[in-house]
Structures are given as structure tokens and as C-alpha cells.
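Going line by line, the protein sequences match chains A and B. Just so you know, we're using our numbering here: the first sequence kicks off at 13 and counts up by one. Just so you know, we're using our numbering here: the second sequence kicks off at 307 and counts up by one.
Keep in mind that the hints were calculated from the coordinates and are not lab data. Do not take every clue at face value.
Unchecked claim - The list that follows gives simulated cross-link-like pairs (lysine to any residue, SDA-like), each with its CA atoms no further than 20 angstroms apart: (1) B:K662 to B:N608; (2) B:K428 to A:L64; (3) B:K723 to A:L254.
Every value quoted in this text rests on a predicted model; they were computed, and no experiment measured them.
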Amino acid sequence: MLSYILRKLALIVPTFIGISICAFAFVRLLPGDPILAMAGEHGVTPERYEILREQFGFNVPIWQQYFNYLGQVLTGDFGTSIATKRPVLTEFLTLFPATVELSFFALVFAIVLGIPAGIFAAVKRGSWFDQITMGVALTGYSMPIFWWGLLLIIFFSNGLGWTPVSGRIALNFFFRPITGFMTIDSLLYGNWAAFVSSLRYLILPSIVLGTIPLAVIARQTRSAMLEVLGEDYVRTARAKGLSALRVVNVHALRNALIPVVTTIGLQVGLLVAGAILTETIFSWPGIGKWMIDSIFRRDYAVVQSGLLLIALIVMVVNLIVDVLYAVINPRIRVQ
Amino acid sequence: MTLMKSLLAASALIALTAGAAQAKTLVYCSEASPSHFDPGPQTGGNDFDSSSQTMYNRLVQFTPGSTAVEPALAESWDISEDGKEYTFHLRPGVKFHTQPYFTPTRDLNADDVIFSFERQYKEDNPYFAYLPNLSWDYYQGMDMPRYVTSIEKVDDRTVKFILSEPNAPMLANLAMDFASIVSKEYADQLQAAGTPELFSTQPVGTGPFQFVDYQLDSAIRYAAFPDYWGGKQPIDDLIFAITTDATVRAQRLLAGECDIMPYPAPADIATLQANENLTVIEQEGLNIGYMSYNVTEAPFDNVDVRKALSMAVDKQAIIDAVYEGQGQVAKNLIPPTMWSYDDAIPADTYDPEAAKALLEEAGVSGLTVDLWAPPVSRPYMPNGQRVAEMIQADWAAIGVTANIVTYEWTEYRERGKEPDRSGPFLIGWTGDNGDPDNFFATLFSCSAIGVSNYSSWCNDDFEAAIQSAKTVSDEAERTALYTTAQEIFKAEEPALNIAHSKVFMPMNKRVQNFVLSPLGTHSFVGVDVAE
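Bound-form chain A, shown alone (with noise of 0.2 angstroms):
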């Protein structure tokens, strides 16, 4: 077990130097200039554009300016933007929270909703249930994200006044961040009130973000329930005269879920993506608006450093995922 680890570990440090290169690589092949963005309609003078330059560090060469980079990334200075001034690390650390926050919920909701709506339609193969439930997925699976929940926003916060528009609390509701997790804050705080408020802003954002991971949770969990339900020890089970139920729950769920594990970790990549368009459109002071906005600014800094943040996060969450389903099946670590 600790040598598949080890193995999986080591696979780690070529990758992350790839993503440090494509992350530096990506930004700069951007057409535009983080200099000429913020001059604007200005513009800027010649010499002065030299001095900016000098300044940033732009005027080196490019290999050089990346083991600049990496030189200042391994001692864990991950750099500072260019807009705001403040250490890329800081800002990141103060944002992740409401990102992981929304991304728990928004896989709670997919995988609630989602497991059981798997089973059912499986077990009901070719009912009106499965018909419905799988056409609903794929439309989940192919729904433009900004316009799905800009409907949500038209539909049920001001057509029917359901839930709030868009930000994170209620403004009244102002507390300093302890552990940056607005509904555990709300609780450590003992503020009941806004506790039900965090949860209420988070219905649409998690329901929009949660969408996609639902329908490719659905979907998975079904077709790894057909699988398991034509097997032969499931074909005996029943024929000792075991309820159906107890079948379905005790001897082929288990065996099912093993791929839908994986399929859930997987979601988290794609979670992240889908933050950037979520957080956008629901105000949500996250990681993806914060890149989003970066973007737009040309600030190389934090674009770069935010990728590699990003990417090392989800190479762990994908190491953990991996050595979980050694965990679950020991056929996994001989290989």
C-alpha cells in the first residue's frame, strides 16, 4: 500500500512542473499587455512603458523570468498582483474557503439527488422514470451554465422572491471569517439567523454549480448498476428469496458504487471549472471570479499562480480519490 502511494506521490512532481509551464506559458500567450490594461485609453509613453517593464520584471527573458518564477514558487512565494498589491497566497487563501464551500454543496446536492435517481432508473430500466430521469440528464449534462442560472435567478428570486439574487450572506449579517466557511462561521458565532441565511444564498449557486456532477452522477450510477444487476451472485441472492430491496441496497449497490466513487472525484476538476461561470454570475467572492477577473486584468501574477494553486489542489484531491479506491479494492494495488 505505501509503495502505490509513493508511486502515485512521485507522479506528482513531473506533473506539477508541467502545469508551472503551461500555467506561465498560458498567460503570456494571451495577446495583450498587463501594462497597456492598466494604462487604458491613456496610453502610455514610450520611455515610461520601459521603466513599467523594468519594474515587473517583463523585461528579462522569458526562460529566464520562468526559473525566476519557480526559484520564488519553490520557497512558497507564490508572488504578488499586480492590481491589488497583496500576495497572490493571501488572496487565495482568503477566497478558497467560499469556493470549497459551494463545491461541497453543490456535490451534495448532485450526489443526494443523483445516486438515488441512478438506482431507480436502473431498476426500473425502460420506465417512464428511466425515460425521464436519463433525458433530464443529458439535458442537465449540456446546459449552458450563465444562462441556467440566470433562468434560476429570473425564476425564483424575482419572479417568486424564493431566494436572494446573488452574494453570499445576507448584508445585514457581518461577521470577521474564522474558519472562512460562511455556514460554519454563522454556527461557531452561535448567529442562528445567519446561519439559515448562508444556507438560503446558497440554494441557486449550489443547485446551477451542481448540475453538471448530477446528471454525470446519475448517468454513471445507473449504467454501474446494470452492470452489477446481471451478475450471477446478484441472480442468487434473489433466488435465496431476499427482498428486493434488500438486493438492490446490500449486494449490488456496493458493488456499483466503486466506479461511481471515482466518477465522484472526478467531479471536482470539472467543480472548479464549472466555479469560474458559477461564482461569476452569483457575485460568489470564490477562487474562479477571482481568476476570472484576473484574466480580464492581464495580471500575469496572480493567472499563473492561481492555475498552479488550482492544479495542485486538485492533483491532491485526485491522490486521495486514487489511494480511497485502493482502499475499497484491493485489486487496484498489485496491478
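Given chain A, work out where chain B should sit, using these hints.
For chain B alone, coordinates are given in the frame of chain A:
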């Protein structure tokens, strides 16, 4: 232990807010996160709204709703005969904000004023580079280093600016956000503590509101400053709820989550106007959308060709289709709300037949040109691509083929500045300080070639007029000079002035006394909310 402490502190804070349930709160859905709260090095309109407009003052200020300059921290000022010495007499008893992190021991004095400017150009000032990669873009951009030789303290309440040469827009420049006055005492305290960077995140000013809290990318909170020299504000709390998407901002306003918002999406304006709980105020923007000809390249070096091409453009159709009626046809570079606007200049006529004839006269036929279209929506030109397409169609009618070219926004402007750029270039400008110099000299002076003069146009008579207008301080005299400049501009047609767009500000009906500034900043001074 630390957790316990912050818990206690926070519950005290909640109790505080709960106790002030009667407080009047105004929620403003702002359009972007502020970079930080030090107005000196900032450049974005949203930055200024959240720092200089709320928490700071200048020596002089723009009269609300106008571009006229009136006293602020300076009660009065004298300008020497030769226009090279500006002496400001400071208002007595101006208090800086008292904060948990700073308690002022003295009122505003000349040292604060001198520090506020010296940090922007004296490299040995400890605050010149107190943040990484700091640059003082507006101080540079408004050409201040060229004019300001020194700033001297006459006594505690008198400060004198010595200029290298007369510069009439100086007073308007000093009313701009970058010229906000900060506390030297606070700066010294942070410097001594070794934490000067806090100057940008824990602000202290003299303004109508004081800083309470900023939750990154989420909300900024202010409280009315009880000891404000202009009197305490009618509202108690001001909240900026950061909402970047324009459509979502409109939804929040409709749902009552905020009271007022800037920059509605053009498509949402009609819905907002139709809502019975909302008012939408509008104002002529201090801006111009125009098309620059590169006068150094053939055939645009021929004024008749420029005039013929301009004559063939149906500007009214562009206003109707692209600005959706939310703009007006421009005949001069400066908007009609600005002083020195020359209304005697005849409006451009749309006359394809005459244009055709003029082109023939100039010996140009079968002309194919590149037409540059900006890739982004700007206040002065909501859809540059569409404007280009309409001009392309207008020109096709007179036998001119236009190929529309475009690039990413910064790349676009960079290529547009090149002296050998081929083809007319669509661009625009929003005024900084309400002074005509800020349009004429910034956009069409000889020294702006390669920076923001996209026509590469350097006309001796025009240059003489706008440069002399800089050196005289009498407004009537300046108006005469700018009138001349506008006549030369019209005769030479270095660019086709297309449109001045309107600015809209939707708000809940309970918001009272909000005044829209022509300069595009948003100030909540004097604003009240009905119970």
C-alpha cells in the same frame, strides 16, 4: 485562545450592528472589486468610488453634477500674476478619521498636503514605492511632473505650489481623485511600525465616510464620519455589494438587494425604467466616440478624402442602431456640456452624393481601406464592431471598400498608435477632469503622437491654440482659443466625431438626492434614503 478572542470580538461587533437597527443604510451594487484603498496610485473608476469619493477629499473639488471647481479642503486660493504660483489656504479644524488602528492627534495641516503629493514623485519619499510594483499613473498621465517644481509650506494652514510654467488645467487636476489628501501622521505611524503597506488596506482620510471593513471581492462597508467638516451624512451606513455582471446587478436592484447601481446593460434599461419602484436618472456623458484618420498615410493625407469619407457616414443611423438612442450625434470633439463647446460649428451633413463627387475631385477611385473596430464595449462606443459594419455599408455606397480589422483590446490600441497604421481607427475617450485641455491636448497634441493621438496629426495652428490655452487662466480667453481649435479641427478633419453617449443610473425610489457626476465617479455625499 485566539479563536476565543476573535469570537468575543465578533459577537461584540454583531451586537453593535444589531443595536443600530434604526440606522439608515444605503446599499450600492458596485461593478468591480477595488484594487486597494489608496487613491494616489489607483486608476479604475470603481477604485475611486470606493476610496477617494467616499473616504477622502481634495484641496478643491468638482461641484456635484458639474465640472466646475469649488473649494474643499482649501477654503480659498490665489494664483500669481504669472500663473506659476498657486497658494492654497486650508480649511481650519478638518479632522481625520479615528479608527481602531489610528487616533489622530492633530487636524489637517500643510504637511499632509505636501506629503500627499511628494510621495507621488519624490523617489526618496518612503511611500514612493511602499507597495510592490507601485506606479503613480495619474500623476504621470496628467503631466504633473512637467509642471510641479516644488510644493512649499508657508505656514500650517498655507501651502504653495510652484510651477515651471503656467498651466491652466492645474486647478481641475487638483480636484481629481489621484490628488486626494492623505494623513502624514498616519503614514509616519505605519512607517515607524514597519508596516507601511497597511496604508492601502486600512485607510484613513478626511472624507464623509470612514472605513469599516472589506471582505475581499464581496462587500465594502463604511460608516458616516461623525466629525466630517461638511457635516455628518444623512445615511449612517454605506455598503458596496460587489456585483460584476451587469444583468445580475439589475436583478439585485429589482429584488431590493441593493438601492442603486451603475452601468446597466443597455438591454436592461427599458425594463428598469418600466419598474414602478425604480427611477433611472441619465446624463450626457463626458465622452466622445470618434474615428481617427492617419493623416500621414495616403490617401488620408488629403483633407478632401477625409472629408468625403466623413460625409458618407450616416451618424444618426449609428446612434439609433448602436447606441439605441442613448446618445447624441457629435460635431465637436468635446461634449456640449463642457465649457468652450463651439455650437456655431455646423453639423456634419450626411451626403453620399457630395462625398462621391469630392472623392472623384480628389482623384481617388476604387479605394480599399482597413477599418479598425474595437473589440470591447466602451461607454463611448457600446459596440465597435457594429459601428464599423454600418460605416462599411455607408462607404460601399460611395464605392469605397472597407475591410474590418480588429485585435485584442490592448493590442488594438498598441497597433493603432503605430505611425504607419493603415486605415481609419475607431476609438473614444472619457474625460478625467472636465477641462477641454483633457480632450484637445490629450488626444490631438503633437506630443501625444505615439501615445493617444491616433491620427498622428500635428497641426501648427491647432497646437498653438491649445498650448496657449494652457497658459492663460482667464476662462473667456481660453474659450476663444478653444473655439479656434474647434474650427481648425473641423476644417482639417483629422477624425470624424461620431457620438457622445449617455450615462444611466437606476435606483430605488427611496434613494434621495443622488447627483450623477459628469466625470463618471459615484459619490454618496448628501444622499438620503426614505424610511
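For each hint, the structure was consulted:
The suggested pairing of B:K662 with B:N608 holds, with an alpha-carbon distance near 15 angstroms, which does not exceed 20 angstroms. This hinted pair checks out: B:K428 and A:L64 have alpha carbons roughly 17 angstroms apart, not beyond 20 angstroms. Between B:K723 and A:L254 the alpha-carbon distance is near 81 angstroms, which puts this suggested pair outside the 20 angstroms criterion.
Violated hint: 3 only; the structure is consistent with all others.
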